[in-house]
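Enquirer: Note that the protein sequences, when read in sequence, are chains A and B. Position 50 of the first sequence, counting from 1, maps to 50 under this note's numbering, and the rest follow consecutively. Position 1 of the second sequence, counting from 1, maps to 1001 under this note's numbering, and the rest follow consecutively.
Treat the hints with care, as some may be off.
[To be verified] Facing chain B, a subset of chain A residues (Cβ under 10 Å, in silico): (1) TYR35; (2) GLN37; (3) ILE55; (4) PHE65; (5) VAL89; (6) PHE91; (7) ALA93; (8) TYR101; (9) GLY102; (10) TYR103.
[Claimed, not checked] Calculated pairs, SDA-like style, for lysine to any residue (alpha carbon to alpha carbon, straight line, at most 25 Å): (11) LYS78/A x ASN1041/B; (12) LYS24/A x TYR1039/B; (13) LYS1068/B x THR1051/B; (14) LYS24/A x LYS1058/B; (15) LYS1068/B x PRO81/A; (16) LYS1058/B x GLY3/A; (17) LYS24/A x ASN1041/B; (18) LYS78/A x ILE55/A; (19) LYS1069/B x VAL100/A; (20) LYS1058/B x TYR101/A; (21) LYS1068/B x THR1005/B; (22) LYS1068/B x TYR101/A; (23) LYS78/A x ILE1103/B; (24) LYS24/A x PRO1040/B; (25) LYS24/A x PRO81/A; (26) LYS78/A x VAL113/A; (27) LYS24/A x GLN1042/B; (28) LYS1058/B x GLN1042/B; (29) LYS1078/B x VAL100/A; (30) LYS78/A x GLN1042/B; (31) LYS24/A x LEU1046/B; (32) LYS78/A x THR13/A; (33) LYS1058/B x TYR97/A; (34) LYS78/A x ASP56/A; (35) LYS24/A x LYS1068/B; (36) LYS1069/B x TYR101/A; (37) LYS1058/B x LEU96/A.
Hints listed in this document are in silico derivations from the structure and should not be mistaken for laboratory results. Just so it is clear, the structure is predicted and the values come from calculations on it, not from any experiment. Cβ coordinates follow ideal geometry from the N, Cα and C atoms, glycine included.
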Amino acid sequence: DAGVIQSPRHEVTEMGQEVTLRCKPISGHDYLFWYRQTMMRGLELLIYFNNNVPIDDSGMPEDRFSAKMPNASFSTLKIQPSEPRDSAVYFCASSLYDRVYGYTFGSGTRLTVV
Amino acid sequence: AQSVTQLGSHVSVSEGALVLLRCNYSSSVPPYLFWYVQYPNQGLQLLLKYTSAATLVKGINGFEAEFKKSETSFHLTKPSAHMSDAAEYFCAVSQSGGYNKLIFGAGTRLAVHP
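Go ahead and model the full structure; you've got the sequences and the hints to work with.
Expert: Rendered as C-alpha cells:
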C-alpha cells in the first residue's frame, strides 16, 4: 500500500491566487481528515469526511476555504483567494471506521503564500 | 468532551538517557489513546496505541507507554535515547461517539544531545 498520497509537496503562490491541495486516501478507508499545522497554532482539524460526506467543517477558518471529496479515492482542499496567513503545512489523513486503528497521515503539502 | 494535555513543549535529554514524555487525558468514557511521532518535514507516524487491552503498550523504535486510569495518564518512555529519536511527539485521544475523531495534544519536541 502506498499510504496516503498528497500533492503537491510544496506550493508557493502569490496572494490572491487560488490554491488546490490534493489527497488520495488509503484504499478502503472510509474517513478522511484535513489538518493544518503551524508553529503558532499546532495541529488544527479543518474538516473531515465519512464515506465522502463532510461531517464536520467547523475548523475551516473562513469561506475562502473549501473541501470536496467527489469519490472514495480523492479529496481536494481549495483556498480562494489565498493570503499570507494561510502559509502552513496541510496534512491529509485517512482511517477506518473503527477508532482502534488511528489515522494514517500523508507527508503534507507545505504552502507558502507570498 | 475529551482532551489531551502534554506537559512540556520541549524536552531535552542526553544520548543514552531515559526519555519520558508526559500525556494526561480527560475522558468520560474509556479512551483509546495514541502516540504519534513527526520527524522534520514529514507527516505524523503512529508510534503506539492503547485500545483497552494490555495497559503497557510497546511501540516501534523501543518506545512504550503505560495506561494508568487512576492518574488519567499515558506517558511515553524509552530507556535509552538515540540521536534519531529527535522529533516532535503527539499524544491523542479518540473521541467517543459515532465518529472516529482524534483529539491531539499540542506536541512535545524532543531534542537529543550527544
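Enquirer: Next, verify each hint and record whether it holds.
Expert: A quick look at each hint next to the structure:
1. Checking TYR35/A against chain B by beta carbon gives a least distance of about 8 Å; that is within 10 Å, so the hint holds.
2. A distance limit of 10 Å between C-beta atoms decides the matter here; for GLN37/A the minimum to chain B is near 9 Å, and the interface restraint holds.
3. Using the Cβ-Cβ criterion of 10 Å, the hint placing ILE55/A at the interface with chain B is satisfied: the shortest such distance is roughly 6 Å.
4. Contact between PHE65/A and chain B, as hinted, is not supported at the beta carbon level, the nearest pair being about 19 Å apart and thus beyond 10 Å.
5. The criterion of a C-beta within 10 Å of any C-beta in chain B is met by VAL89/A, whose closest approach is roughly 9 Å, and the hint holds.
6. The beta carbon of PHE91/A is positioned within 10 Å of a beta carbon in chain B (closest approach about 6 Å), and the interface hint is therefore held.
7. Hint status for ALA93/A: holds, given a least beta-carbon distance of 8 Å to chain B, under 10 Å.
8. Taking 10 Å as the C-beta contact cut-off toward chain B, the hint placing TYR101/A at the interface holds, the least distance being around 8 Å.
9. Interface hint at GLY102/A: satisfied, since its Cβ lies 5 Å from the closest Cβ of chain B, which is below the 10 Å cut-off.
10. Annotation: TYR103/A was flagged as interfacial toward chain B, and the flag holds, the nearest CB pair being 6 Å apart, inside 10 Å.
11. For the hint linking LYS78/A to ASN1041/B, the alpha-carbon distance of about 22 Å falls within 25 Å, and the restraint holds.
12. About 22 Å separates the Cα atoms of LYS24/A and TYR1039/B, which keeps this hinted pair within 25 Å; it holds.
13. For the proposed pair LYS1068/B and THR1051/B, the alpha carbon gap of about 13 Å is at most 25 Å, so the pair holds.
14. Distance restraint check for LYS24/A and LYS1058/B: the Cα-Cα separation of roughly 30 Å exceeds the 25 Å cut-off, and the hinted pair is therefore not satisfied.
15. With a CA separation close to 47 Å, the supplied pair LYS1068/B and PRO81/A exceeds the 25 Å bound.
16. Proximity of LYS1058/B to GLY3/A is assessed by CA-CA distance (about 23 Å); at most 25 Å being required, the pair is judged to hold.
17. At roughly 19 Å between alpha-carbon atoms, LYS24/A and ASN1041/B fall within 25 Å of each other, so this suggested pair holds.
18. Simply put, LYS78/A and ILE55/A have alpha-carbon atoms about 17 Å apart, close enough for the 25 Å limit, and the pair holds.
19. For the hint linking LYS1069/B to VAL100/A, the alpha-carbon distance of about 18 Å falls within 25 Å, and the restraint holds.
20. This hinted pair checks out: LYS1058/B and TYR101/A have alpha carbons roughly 15 Å apart, not beyond 25 Å.
21. Taking the CA atoms of LYS1068/B and THR1005/B, the gap is about 15 Å. The hint holds against a cut of 25 Å.
22. The straight-line distance between the Cα atoms of LYS1068/B and TYR101/A is roughly 21 Å, inside the 25 Å bound, and the hint therefore holds.
23. Simply put, LYS78/A and ILE1103/B have alpha-carbon atoms about 24 Å apart, close enough for the 25 Å limit, and the pair holds.
24. Between the alpha carbons of LYS24/A and PRO1040/B the distance comes to roughly 22 Å, so the proposed pair stays at or under 25 Å and holds.
25. Distance check on the hinted pair: LYS24/A and PRO81/A sit about 24 Å apart at the alpha-carbon level, within 25 Å; holds.
26. For the proposed pair LYS78/A and VAL113/A, the alpha carbon gap of about 13 Å is at most 25 Å, so the pair holds.
27. Between LYS24/A and GLN1042/B, the direct Cα distance comes to roughly 17 Å. Compliance with the 25 Å bound is thereby established for this hinted pair.
28. With a C-alpha separation of about 23 Å, the suggested pair LYS1058/B and GLN1042/B falls inside the 25 Å cut-off, and the hint holds.
29. At roughly 23 Å between alpha-carbon atoms, LYS1078/B and VAL100/A fall within 25 Å of each other, so this suggested pair holds.
30. Distance hint between LYS78/A and GLN1042/B is fulfilled; the C-alpha atoms sit about 22 Å from each other, no more than 25 Å.
31. Restraint check for LYS24/A and LEU1046/B: satisfied, since their Cα atoms lie roughly 19 Å apart, inside the 25 Å limit.
32. Of the supplied pair hints, the one linking LYS78/A and THR13/A holds, its CA atoms being roughly 13 Å apart against a limit of 25 Å.
33. For the suggested pair LYS1058/B and TYR97/A, the alpha carbons sit about 23 Å apart, so the restraint of at most 25 Å is met.
34. About 16 Å separates the Cα atoms of LYS78/A and ASP56/A, which keeps this hinted pair within 25 Å; it holds.
35. Distance restraint check for LYS24/A and LYS1068/B: the Cα-Cα separation of roughly 37 Å exceeds the 25 Å cut-off, and the hinted pair is therefore not satisfied.
36. Annotation: proposed proximity of LYS1069/B to TYR101/A holds, straight-line Cα distance about 21 Å (limit 25 Å).
37. Among the hinted pairs, LYS1058/B with LEU96/A is consistent with the structure: their alpha-carbon atoms are about 22 Å apart, no more than 25 Å.
The structure shown violates the earlier hints numbered 4, 14, 15, 35.
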